[in-house]
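S.K.: Please construct the entire structure, taking both the sequences and the accompanying hints into account.
Next come the chains, spelled out residue by residue.
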Amino acid sequence: MSEIKKLATREGYGAGLIELGKKRNDLVVLDADLAAATKTGAFKKEFPENFVDCGIAEQNMMSIAAGLASTGKLVFASSFAMFAAGRAFEQVRNSIGYPHLPVKIGATHAGISVGEDGATHQCNEDIALMRTIPGMTIINPADANEAKAAVLAAAEIDGPVYLRFGRLAVPVFNPDDYKIEVGKGVKLVDGTDVAIIATGLLVNEALIAAEQLKNEGISAMVINIHTIKPLDREIVIEAAKKTGVVVVAEEHSVIGGLGSAVCETLAETVPTPVIRIGVEDTFGMSGPAAVLLEKYGLCASNIVAKAKDAVKLKK
Amino acid sequence: MEKDFELQLKAFALKVRMGVIEGTYNAKAGHPGGSLSIADVLAWLYNKEMNIDPKNPKMSNRDRLVLSKGHAAPALYSALALKGFFPVEEIKKLRKPDEMLQGHPDMKHIPGVDMSTGSLGQGISCATGMALAAKKFNEDYRVYTILGDGEIQEGQVWEAAMFAAANKLDNLVALVDNNNLQIDGSVVDVCSPYPIDEKFAAFGWHVINIDAHDFAQIEAAYNEARTVKGKPTCIVAKSVKGKGVSFMENQVGWHGVAPNAEQYAMAMDELNAALAELEGK
Numbered sequence: 001m002s003e004i005k006k007l008a009t010r011e012g013y014g015a016g017l018i019e020l021g022k023k024r025n026d027l028v029v030l031d032a033d034l035a036a037a038t039k040t041g042a043f044k045k046e047f048p049e050n051f052v053d054c055g056i057a058e059q060n061m062m063s064i065a066a067g068l069a070s071t072g073k074l075v076f077a078s079s080f081a082m083f084a085a086g087r088a089f090e091q092v093r094n095s096i097g098y099p100h101l102p103v104k105i106g107a108t109h110a111g112i113s114v115g116e117d118g119a120t121h122q123c124n125e126d127i128a129l130m131r132t133i134p135g136m137t138i139i140n141p142a143d144a145n146e147a148k149a150a151v152l153a154a155a156e157i158d159g160p161v162y163l164r165f166g167r168l169a170v171p172v173f174n175p176d177d178y179k180i181e182v183g184k185g186v187k188l189v190d191g192t193d194v195a196i197i198a199t200g201l202l203v204n205e206a207l208i209a210a211e212q213l214k215n216e217g218i219s220a221m222v223i224n225i226h227t228i229k230p231l232d233r234e235i236v237i238e239a240a241k242k243t244g245v246v247v248v249a250e251e252h253s254v255i256g257g258l259g260s261a262v263c264e265t266l267a268e269t270v271p272t273p274v275i276r277i278g279v280e281d282t283f284g285m286s287g288p289a290a291v292l293l294e295k296y297g298l299c300a301s302n303i304v305a306k307a308k309d310a311v312k313l314k315k
Numbered sequence: 316m317e318k319d320f321e322l323q324l325k326a327f328a329l330k331v332r333m334g335v336i337e338g339t340y341n342a343k344a345g346h347p348g349g350s351l352s353i354a355d356v357l358a359w360l361y362n363k364e365m366n367i368d369p370k371n372p373k374m375s376n377r378d379r380l381v382l383s384k385g386h387a388a389p390a391l392y393s394a395l396a397l398k399g400f401f402p403v404e405e406i407k408k409l410r411k412p413d414e415m416l417q418g419h420p421d422m423k424h425i426p427g428v429d430m431s432t433g434s435l436g437q438g439i440s441c442a443t444g445m446a447l448a449a450k451k452f453n454e455d456y457r458v459y460t461i462l463g464d465g466e467i468q469e470g471q472v473w474e475a476a477m478f479a480a481a482n483k484l485d486n487l488v489a490l491v492d493n494n495n496l497q498i499d500g501s502v503v504d505v506c507s508p509y510p511i512d513e514k515f516a517a518f519g520w521h522v523i524n525i526d527a528h529d530f531a532q533i534e535a536a537y538n539e540a541r542t543v544k545g546k547p548t549c550i551v552a553k554s555v556k557g558k559g560v561s562f563m564e565n566q567v568g569w570h571g572v573a574p575n576a577e578q579y580a581m582a583m584d585e586l587n588a589a590l591a592e593l594e595g596k
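Here the protein sequences come in this chain order: A and B. Counting in this note's numbering, the first sequence runs from 1 upward without gaps. Counting in this note's numbering, the second sequence runs from 316 upward without gaps.
Be aware that a few hints might be false.
[Stated by the list, open to error] Okay, derived cross-link-like pairs now, EDC-like style, lysine to aspartate or glutamate, Cα gap no bigger than 20 Å in a straight line:
hint : chain 1 : residue 1 : chain 2 : residue 2
1    : B       : Lys-373   : A       : Asp-158
2    : A       : Lys-241   : A       : Asp-281
3    : A       : Lys-45    : A       : Asp-33
4    : B       : Lys-450   : A       : Asp-26
5    : A       : Lys-295   : A       : Asp-281
6    : B       : Lys-450   : A       : Asp-53
7    : B       : Lys-451   : A       : Asp-53
8    : B       : Lys-546   : A       : Asp-53
9    : B       : Lys-373   : B       : Asp-319
10   : A       : Lys-22    : A       : Asp-176
11   : A       : Lys-184   : A       : Glu-264
12   : B       : Lys-451   : A       : Asp-190
13   : B       : Lys-423   : A       : Asp-53
14   : B       : Lys-318   : B       : Asp-526
15   : B       : Lys-363   : B       : Asp-378
16   : B       : Lys-450   : A       : Glu-49
[Stated by the list, open to error] Computed footprint of chain A on chain B; a stretch qualifies when at least three of its residues, placed anywhere within it, have a C-beta under 8 Å from a C-beta of chain A:
hint : segment
17   : 418-431
18   : 442-450
19   : 467-478
[Unchecked claim] Okay, the calculated bits of chain A under chain B, using three or more residues with CB under 8 Å as the criterion:
hint : segment
20   : 47-57
21   : 70-80
22   : 87-100
23   : 205-211
Hint data in this document are derived by calculation from the structure and do not stem from the laboratory. Glycine is no exception: its CB is placed at the ideal position from the N, C-alpha and C atoms.
M.R.: See the structure below:
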């Protein structure tokens with residue numbers, strides 16, 4: 001078997017912007033002094049006239065994005081998730097969300113896999129924050145190809161979109177010409193004993209876990225939820241009905257993210273036991289990303305363990 | 316300025332002030348003080364300065380106004396209604412459930428409102444984004460924004476000020492409604508923003524100091540702004556909170572309180588008398 005290519009989803013963000021830049025001359029990409037890290041730098045090089053660095057002022061950047069969008073421009077505003085969703089939350093809510101302006105927020109360095117920078121930069125709260133804004137679409141791609149597809153899909157949405165990307169290089173399992181349908185989950189593996197509903201870099205871990213579970217005689221379904229809002233309720237409900245028990249895996253706080261969204265959906269429709277894998281109610285810490293992902297249980301081995309726990313809940 | 320035109324502006328401003336009283340009285344809520352202080356500036360912007368078309372509120376090359384001090388919405392709504400963006404009767408339905416005129420400007424539902432505002436500090440950034448769009452895409456519209464003097468305590472205002480100057484947005488004019496009062500008291504006692512003019516100048520803006528209730532000065536300032544190249548303009552407009560309704564003037568208590576029936580009658584009598592005097596001349 002050949003070596004699996006690894007790329008950070010933020011690379012897909014950069015690639016998607018360049019592809020959009022070739023098609024759309026009304027595109028403006030904003031950044032807040034993080035162009036090298038968010039991967040908007042390559043876009044800046046190729047389309048300097050369509051790029052504006054707002055400096056280290058994310059609140060201003062989000063409202064500037066709103067002003068630009070109000071004139072009909074296609075705007076992507078980029079920063080780290082901590083500052084895009086955290087620091088500028090109220091600008092996103094009031095300048096962008098309330099008037100439902102089609103600003104696309106490119107939030108990179110989400111989650112614990114930021115690594116060495118530690119807790120101040122590890123945003124595990126952004127999905128929870130963004131989910132509460134009416135009309136906000138949230139896409140959390142699983143690999144670089146899905147990230148690029150998400151950028152192109154977001155450009156077509158007439159409303160605000162929060163795009164969540166990671167810093168860490170992760171396996172690319174989707175093909176280069178991959179496309180997404182916003183709001184539609186993707187069943188990657190069918191199964192009958194347990195449904196693993198994953199998002200972001202945990203989708204690939206879920207695939208690995210499903211293989212291991214299969215070897216141990218447990219049939220696990222794997223669903224990739226790239227669009228956290230609006231959630232594909234149908235695929236979640238069907239999975240719960242078929243397997244009777246659900247494990248949700250995400251690189252985000254267990255409070256307010258995909259786990260919460262799945263629980264809310266199932267509690268109101270087909271009450272089903274759910275085990276949530278995510279960052280427990282705690283801050284992160286410095287360390288290599290791979291080590292942290294293991295430490296916080298955001299890995300295939302923990303999905304296997306939790307899937308087994310979940311199957312026991314059925315008995 | 317032609318005498319007749321100045322009289323027209325004065326009459327328009329008085330009618331804006333009546334709308335403020337009418338709206339806040341019927342809503343039993345709202346912000347009359349800071350609405351009354353910008354009535355004259357709005358009269359200039361909507362009758363002379365801005366390229367707008369009430370029949371085509373989304374005209375792509377229109378000049379834009381972002382009311383960064385969004386709580387002065389009653390004044391903006393009155394000006395828009397008087398210009399024919401929507402019926403004047405809407406003013407009486409201000410702040411009522413399921414009605415168009417929200418407590419703060421709502422661009423999604425109100426014709427003529429270019430940006431939803433109300434959370435202080437954000438409007439100037441939105442206006443900056445519009446001005447940036449015009450520059451980037453070679454469009455010739457101008458962008459206007461009105462800030463409160465208390466509002467400029469928000470740090471975001473200075474992020475925008477830095478950005479607008481750095482990007483040479485000479486199509487942007489910010490006016491600071493310097494009525495010297497905010498909810499908790501005098502802006503000096505709360506957290507002094509002074510010297511406002513020197514601060515904006517230090518941020519790279521062209522600055523003009525005027526009296527917010529003198530049409531000749533308002534005209535001169537906005538005309539001067541059109542001649543400034545390579546930098547945005549800030550007009551620091553010394554105003555009287557509650558201007559035009561004598562018992563509200565310079566009274567901090569009228570920041571966010573609506574008049575009762577008796578006060579409504581007094582205010583309308585005073586404004587009607589002023590209008591009659593104006594039209595009698």
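S.K.: Hints first: check each against the structure and report whether it holds.
M.R.: Verification of the supplied hints:
Between the alpha carbons of Lys-373(B) and Asp-158(A) the distance comes to roughly 17 Å, so the proposed pair stays at or under 20 Å and holds. About 29 Å separates the Cα atoms of Lys-241(A) and Asp-281(A), which puts this hinted pair outside 20 Å; it is violated. Distance hint between Lys-45(A) and Asp-33(A) is fulfilled; the C-alpha atoms sit about 15 Å from each other, no more than 20 Å. At most 20 Å may separate the alpha-carbon atoms for a hinted pair to count; Lys-450(B) and Asp-26(A) meet this at roughly 13 Å.
Only pairs whose Cα atoms come within 20 Å are accepted, and Lys-295(A) paired with Asp-281(A) is accepted, the gap being roughly 14 Å. Using a Cα cut-off of 20 Å, the hinted pair Lys-450(B) and Asp-53(A) holds, with the two alpha carbons roughly 15 Å apart. A hinted pair counts as satisfied when its Cα atoms are at most 20 Å apart, and Lys-451(B) with Asp-53(A) qualifies at roughly 13 Å. Restraint check: the Cα-Cα separation between Lys-546(B) and Asp-53(A) comes to about 18 Å, which is no more than 20 Å; the hinted pair holds.
A distance of roughly 30 Å separates the Cα atoms of Lys-373(B) and Asp-319(B); the hinted pair therefore is violated under the 20 Å criterion. This hinted pair checks out: Lys-22(A) and Asp-176(A) have alpha carbons roughly 18 Å apart, not beyond 20 Å. Distance restraint check for Lys-184(A) and Glu-264(A): the Cα-Cα separation of roughly 18 Å lies within the 20 Å cut-off, and the hinted pair is therefore satisfied. Between Lys-451(B) and Asp-190(A) the CA atoms are separated by roughly 50 Å; this puts the pair beyond 20 Å, and the hint is violated.
Distance hint between Lys-423(B) and Asp-53(A) is unfulfilled; the C-alpha atoms sit about 28 Å from each other, more than 20 Å. For a cut-off of 20 Å, the pair hint linking Lys-318(B) to Asp-526(B) stands: about 19 Å separates their Cα positions. Of the pairs offered as hints, the one joining Lys-363(B) and Asp-378(B) holds, with about 12 Å between alpha carbons and a cut-off of 20 Å not exceeded. Of the pairs offered as hints, the one joining Lys-450(B) and Glu-49(A) holds, with about 11 Å between alpha carbons and a cut-off of 20 Å not exceeded.
With 6 residues bearing a CB less than 8 Å from a CB of chain A, the segment 418-431 of chain B meets the requirement of three and the coverage assertion stands. Requiring three or more residues with a Cβ within less than 8 Å of a Cβ of chain A, the coverage given for the segment 442-450 of chain B holds, as 8 such residues are present. Check result for the segment 467-478 of chain B against chain A: holds, 6 residues qualifying (beta carbon to beta carbon below 8 Å, three or more required). Only when three residues or more bring their CB closer than 8 Å to a CB of chain B does the claim for the segment 47-57 of chain A stand; here the count is 6, and the claim holds.
Counting residues of the segment 70-80 of chain A whose beta carbon lies closer than 8 Å to any beta carbon of chain B gives 4, which meets the minimum of three for the stated coverage. For the segment 87-100 of chain A, the proposed coverage by chain B is satisfied: 7 residues have a C-beta within less than 8 Å of a C-beta in that chain, meeting the threshold of three. With a threshold of 8 Å between beta carbons, the proposed coverage of the segment 205-211 of chain A by chain B is violated, since 0 of its residues qualify and at least three are required.
The structure is inconsistent with the numbered hints 2, 9, 12, 13, 23, although it conforms to all the rest.
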